[in-house]
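These protein sequence lines map, in sequence, to chains X and F.
Here the first sequence is numbered in our numbering, starting from 447 and rising by one per residue.
Here the second sequence is numbered in our numbering, starting from 447 and rising by one per residue.
These aren't lab readings, by the way, just hints derived from the structure by calculation.
It is possible that part of the hints are untrue.
Each pair may be met inside one copy or between any two copies, as identical chains are not told apart.
[As the list claims (entries may be wrong)] The calculated lysine to any residue pairs, modelled on SDA-like cross-linking and capped at a C-alpha distance of 20 Å, are:
no.	residue 1	residue 2
1	K527	R513
2	K527	E509
3	K901	A811
4	K527	T516
5	K901	S472
6	K527	H512
7	K834	I545
8	K685	G721
9	K900	R787
10	K834	R759
11	K900	S472
12	K900	L911
13	K901	Q844
14	K685	G712
15	K692	G630
Here's the letter readout for the chains.
Protein chains: 2
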Amino acid sequence: MKDIPVDRTVDVAIIGAGTAGLAAMSQVRRATENFVLINGGELGTTCARVGCMPSKAIIQVAEDFHRRHTFDRVGIGGEDKLTLDIPEAMEHTRDLRDIFVDRVLAGTTDNLGDQFIDGYARFVEPDVLEVAGHRIRAARIVIATGSHPVVPESWQVFADRVLTTDNFFEQDDLPSSVAVAGLGVIGLELGQALSRMGVAVTGVDMLETIGGITDPVVNETALTLIGKEFPLWLGHPVKGRDDGDKLLITSGNQSVHIDKILACLGRRPNLDRLGLERIGIDTDARGMPQHDPHTMQIPGMPIFIAGDVNAERQILHEAADEGRIAGSNAVAAEVAGYRRRTPLAITFTDPNIAHVGLPFSELDAEQVVIGEIRFGPVGRALLMGRNKGVLRVYAHRQHGRLLGASMIAPKGEHLAHLLAWSIQQHQNVFDLLKMPFYHPAIEEGLQAALRDLKKQVVDQSEDVLELARLDG
Amino acid sequence: MKDIPVDRTVDVAIIGAGTAGLAAMSQVRRATENFVLINGGELGTTCARVGCMPSKAIIQVAEDFHRRHTFDRVGIGGEDKLTLDIPEAMEHTRDLRDIFVDRVLAGTTDNLGDQFIDGYARFVEPDVLEVAGHRIRAARIVIATGSHPVVPESWQVFADRVLTTDNFFEQDDLPSSVAVAGLGVIGLELGQALSRMGVAVTGVDMLETIGGITDPVVNETALTLIGKEFPLWLGHPVKGRDDGDKLLITSGNQSVHIDKILACLGRRPNLDRLGLERIGIDTDARGMPQHDPHTMQIPGMPIFIAGDVNAERQILHEAADEGRIAGSNAVAAEVAGYRRRTPLAITFTDPNIAHVGLPFSELDAEQVVIGEIRFGPVGRALLMGRNKGVLRVYAHRQHGRLLGASMIAPKGEHLAHLLAWSIQQHQNVFDLLKMPFYHPAIEEGLQAALRDLKKQVVDQSEDVLELARLDG
Numbered sequence: 447m448k449d450i451p452v453d454r455t456v457d458v459a460i461i462g463a464g465t466a467g468l469a470a471m472s473q474v475r476r477a478t479e480n481f482v483l484i485n486g487g488e489l490g491t492t493c494a495r496v497g498c499m500p501s502k503a504i505i506q507v508a509e510d511f512h513r514r515h516t517f518d519r520v521g522i523g524g525e526d527k528l529t530l531d532i533p534e535a536m537e538h539t540r541d542l543r544d545i546f547v548d549r550v551l552a553g554t555t556d557n558l559g560d561q562f563i564d565g566y567a568r569f570v571e572p573d574v575l576e577v578a579g580h581r582i583r584a585a586r587i588v589i590a591t592g593s594h595p596v597v598p599e600s601w602q603v604f605a606d607r608v609l610t611t612d613n614f615f616e617q618d619d620l621p622s623s624v625a626v627a628g629l630g631v632i633g634l635e636l637g638q639a640l641s642r643m644g645v646a647v648t649g650v651d652m653l654e655t656i657g658g659i660t661d662p663v664v665n666e667t668a669l670t671l672i673g674k675e676f677p678l679w680l681g682h683p684v685k686g687r688d689d690g691d692k693l694l695i696t697s698g699n700q701s702v703h704i705d706k707i708l709a710c711l712g713r714r715p716n717l718d719r720l721g722l723e724r725i726g727i728d729t730d731a732r733g734m735p736q737h738d739p740h741t742m743q744i745p746g747m748p749i750f751i752a753g754d755v756n757a758e759r760q761i762l763h764e765a766a767d768e769g770r771i772a773g774s775n776a777v778a779a780e781v782a783g784y785r786r787r788t789p790l791a792i793t794f795t796d797p798n799i800a801h802v803g804l805p806f807s808e809l810d811a812e813q814v815v816i817g818e819i820r821f822g823p824v825g826r827a828l829l830m831g832r833n834k835g836v837l838r839v840y841a842h843r844q845h846g847r848l849l850g851a852s853m854i855a856p857k858g859e860h861l862a863h864l865l866a867w868s869i870q871q872h873q874n875v876f877d878l879l880k881m882p883f884y885h886p887a888i889e890e891g892l893q894a895a896l897r898d899l900k901k902q903v904v905d906q907s908e909d910v911l912e913l914a915r916l917d918g
Numbered sequence: 447m448k449d450i451p452v453d454r455t456v457d458v459a460i461i462g463a464g465t466a467g468l469a470a471m472s473q474v475r476r477a478t479e480n481f482v483l484i485n486g487g488e489l490g491t492t493c494a495r496v497g498c499m500p501s502k503a504i505i506q507v508a509e510d511f512h513r514r515h516t517f518d519r520v521g522i523g524g525e526d527k528l529t530l531d532i533p534e535a536m537e538h539t540r541d542l543r544d545i546f547v548d549r550v551l552a553g554t555t556d557n558l559g560d561q562f563i564d565g566y567a568r569f570v571e572p573d574v575l576e577v578a579g580h581r582i583r584a585a586r587i588v589i590a591t592g593s594h595p596v597v598p599e600s601w602q603v604f605a606d607r608v609l610t611t612d613n614f615f616e617q618d619d620l621p622s623s624v625a626v627a628g629l630g631v632i633g634l635e636l637g638q639a640l641s642r643m644g645v646a647v648t649g650v651d652m653l654e655t656i657g658g659i660t661d662p663v664v665n666e667t668a669l670t671l672i673g674k675e676f677p678l679w680l681g682h683p684v685k686g687r688d689d690g691d692k693l694l695i696t697s698g699n700q701s702v703h704i705d706k707i708l709a710c711l712g713r714r715p716n717l718d719r720l721g722l723e724r725i726g727i728d729t730d731a732r733g734m735p736q737h738d739p740h741t742m743q744i745p746g747m748p749i750f751i752a753g754d755v756n757a758e759r760q761i762l763h764e765a766a767d768e769g770r771i772a773g774s775n776a777v778a779a780e781v782a783g784y785r786r787r788t789p790l791a792i793t794f795t796d797p798n799i800a801h802v803g804l805p806f807s808e809l810d811a812e813q814v815v816i817g818e819i820r821f822g823p824v825g826r827a828l829l830m831g832r833n834k835g836v837l838r839v840y841a842h843r844q845h846g847r848l849l850g851a852s853m854i855a856p857k858g859e860h861l862a863h864l865l866a867w868s869i870q871q872h873q874n875v876f877d878l879l880k881m882p883f884y885h886p887a888i889e890e891g892l893q894a895a896l897r898d899l900k901k902q903v904v905d906q907s908e909d910v911l912e913l914a915r916l917d918g
């Protein structure tokens with residue numbers, strides 16, 4: 447391939463037109479129009495096509511349908527007459543997805559002309575890419591090729607029974623039984639949604655924890671709450687084999703016949719086609735190059751790596767940040783480092799699972815106190831008929847500054863935002879208790895957790911009223 | 447009555463066993479057990495008995511029932527088979543209310559013994575009260591007698607057709623048509639709930655604004671959204687007269703026959719029985735004594751006035767704060783002032799109406815810029831089928847520090863908390879945009895409003911990435 451001459455020279459080449467790549471482009475364009483955006487495969491971001499958006503659409507349907515179980519208690523009759531037309535629900539999901547995909551496309555690739563190249567890029571030199579039979583020299587390159595769902599090699603023998611998020615939303619109908627392999631964010635979200643839509647779901651995972659929870663108290667509550675909706679088989683690898691007209695799934699000494707298996711085993715970075723090994727980039731065992739999470743640069747290279755492809759923070763707002771940082775640095779005279787936002791991860795199960803700031807697994811037990819609240823008696827939770835869950839807030843034992851939180855909580859997504867913002871603003875528990883908590887709002891659950899936390903902090907504030915004293 | 451001797455001397459007398467009175471008691475008890483809690487009439491707080499709690503219970507039922515209108519769009523069938531059994535819904539509301547009332551009672555009056563006095567107190571001297579035939583001398587007195595719904599005198603002629611929150615929740619069934627007089631918080635909440643439960647509701651108010659909104663843009667959107675559910679007759683006084691077996695309600699040149707009228711014209715402080723005029727306290731035209739909102743003290747008197755009775759902030763968390771301040775000062779060697787929380791008021795309509803910080807009516811137009819977002823295109827709002835509403839955020843024109851916000855917004859209660867906390871923490875728009883906004887969460891609507899705001903601030907931050915640059 448050495449015989450292909452470089453036939454185009456640009457300031458920046460961006461590989462991948464997903465969330466990170468488009469965010470990078472938005473920054474690059476502030477400095478230059480001499481760039482290319484290269485994309486292999488289907489257009490539209492992971493988020494819009496197969497991720498956040500269609501999953502939230504189907505979760506909403508499942509939650510609305512599931513809500514009927516509360517109707518009898520409040521005087522609403524006829525809930526047993528409600529039916530779910532799954533093909534219609536899937537079509538609704540795709541309709542919404544198409545709106546979001548069209549939005550992404552309208553803003554970007556539609557108007558790029560020859561700044562857009564359809565094809566898979568591959569490194570020839572650290573500043574030369576080959577794509578679609580052309581060679582392009584780029585002063586800086588942004589890798590934003592995204593990720594794809596992991597499917598074990600051994601599943602090839604029953605490939606026609608395997609679903610991933612790549613094909614799940616294309617299903618016209620749903621099978622009557624599904625094993626969900628992998629109970630991280632996606633497995634829990636889709637597993638619960640499918641179960642609520644009437645599919646017989648079995649959840650399986652090698653780990654003893656679900657949803658990425660590291661706090662044992664939150665994990666136990668999550669196992670209880672989610673486990674009431676569908677069985678969770680934990681701690682053993684999952685094996686499958688064709689058996690008659692079903693797939694037989696085994697995990698430890700449990701087994702079940704199912705129609706399809708939904709692979710939610712994580713997302714692997716799309717690195718294989720890039721040929722990074724050919725340009726002298728050190729990669730780890732997973733094939734992942736080192737990079738600086740504050741600059742997104744690969745050390746010593748004119749190359750930046752942003753979004754899911756770096757396997758660091760596979761979450762939309764982080765991918766967008768990384769794209770902006772990479773794009774900005776790709777056109778900067780000097781590469782700059784940026785402070786990342788406080789970690790915030792939400793699983794849109796019901797109740798929501800959320801992690802904020804430092805995870806339990808990274809806490810120094812001697813330095814930390816934990817405030818805990820269960821939602822059973824929380825007024826608003828009770829009023830909503832959603833009073834299940836637990837919230838645990840971590841703070842520095844000495845002065846009460848917030849460090850992190852973990853929860854499975856009704857409306858946890860909102861509590862998680864309040865907590866993440868408070869942590870990023872270096873608030874302590876005494877100051878937070880001076881904030882308004884409206885009644886009856888779910889935020890009162892957080893207030894109760896903070897009160898539980900406050901008692902355990904060493905340097906006690908004198909302010910028993912939870913109000914700041916005016917001077918003089 | 448001069449002949450009744452003082453037969454008991456206490457450190458503190460608290461008049462009223464509602465939210466403010468009980469909060470005061472919790473502080474008084476830190477210093478002394480020589481106090482009395484005096485309560486005339488029914489026990490249980492306004493919040494638990496006739497306010498926040500039962501209203502939120504019935505709103506939840508109405509919202510769950512109303513949600514069926516979204517079912518067809520997503521593939522859920524049979525929504526026309528759903529029925530609402532109103533007597534059951536009312537009973538459910540009372541069941542929940544009783545839980546909350548019992549909780550309040552269990553924590554307090556149940557175990558007070560002779561520290562509790564059942565009766566209406568009346569001032570004889572600034573430090574002497576008469577109640578149930580006894581005179582009590584108290585070194586300090588906390589007035590926390592609460593408020594009651596306003597009903598015009600002229601409505602006496604059709605008194606049997608008048609509902610207030612005092613009797614509304616006791617109804618076994620609901621009338622088929624109701625006029626809601628007064629479209630503040632309570633009128634809008636109950637009006638929308640009744641309408642969604644199948645009652646023919648007509649809303650009437652003298653004002654051209656609803657829900658206490660002073661921002662004209664938010665008001666207009668609120669009129670449109672709420673006005674789609676039931677008619678709003680604004681700008682004229684409401685008149686009523688019996689007409690056959692109905693009540694004829696007239697407002698301007700519109701009129702309607704209805705079964706009952708729900709008076710939501712505000713709540714009047716319970717001051718009349720106290721005899722304040724007899725002890726030389728200056729009162730304004732409404733009969734309201736002056737007081738310091740930071741100490742709750744009536745100037746020059748050993749008397750504190752807390753909660754709804756002072757007509758300042760008739761909201762639970764503020765009443766509780768006032769009670770704590772009053773109680774704390776009632777046993778303090780020196781009276782102390784406390785900083786009040788950032789104003790936060792939420793109307794639990796759908797979408798929520800909320801006011802935070804400075805209201806529009808108090809803004810200095812020359813000093814302020816306003817960020818605005820409509821929820822039509824906000825991803826999560828669209829996914830929930832709740833993409834109606836507007837959010838307006840006010841900031842200082844020069845440096846972008848947040849001042850206030852007004853909204854009618856899906857999940858506005860949570861956005862209002864984030865905004866209130868941010869205002870209390872003196873955040874500016876540039877710092878707030880560095881916080882995490884999860885995708886797809888309703889908080890992205892706030893992010894969009896902040897981005898709209900940012901552009902208008904004079905002192906622009908250089909940080910186009912919305913991320914803090916690391917030093918060095």
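Now for the hints, and whether the structure bears them out:
1. K527 / R513: both (13 Å within a copy, 15 Å between copies)
2. K527 / E509: both (17 Å within a copy, 19 Å between copies)
3. K901 / A811: Intra 17 Å, inter 44 Å, cutoff 20 Å: intra-copy only.
4. K527 / T516: The answer is both: 14 Å in one copy and 16 Å across copies each meet 20 Å.
5. K901 / S472: Answer is between; shortest inter-copy Cα gap is 17 Å, intra-copy 48 Å.
6. K527 / H512: This pair counts as both: shortest intra-copy Cα distance 13 Å, inter-copy 16 Å.
7. K834 / I545: Result: close only across copies, 17 Å inter versus 34 Å intra.
8. K685 / G721: Neither. Shortest intra-copy (33 Å) and inter-copy (81 Å) distances fail the 20 Å Cα cut-off.
9. K900 / R787: between (25 Å within a copy, 19 Å between copies)
10. K834 / R759: Close neither inside one copy (29 Å) nor across copies (32 Å); limit 20 Å.
11. K900 / S472: So K900 and S472 pass the 20 Å test across copies only (18 Å; inside, 44 Å).
12. K900 / L911: within (13 Å within a copy, 36 Å between copies)
13. K901 / Q844: Only inside one copy: K901 and Q844 sit 12 Å apart there, 41 Å across copies, limit 20 Å.
14. K685 / G712: Classified as within: same-chain Cα gap 17 Å, cross-chain 66 Å, threshold 20 Å.
15. K692 / G630: Neither. Shortest intra-copy (25 Å) and inter-copy (60 Å) distances fail the 20 Å Cα cut-off.
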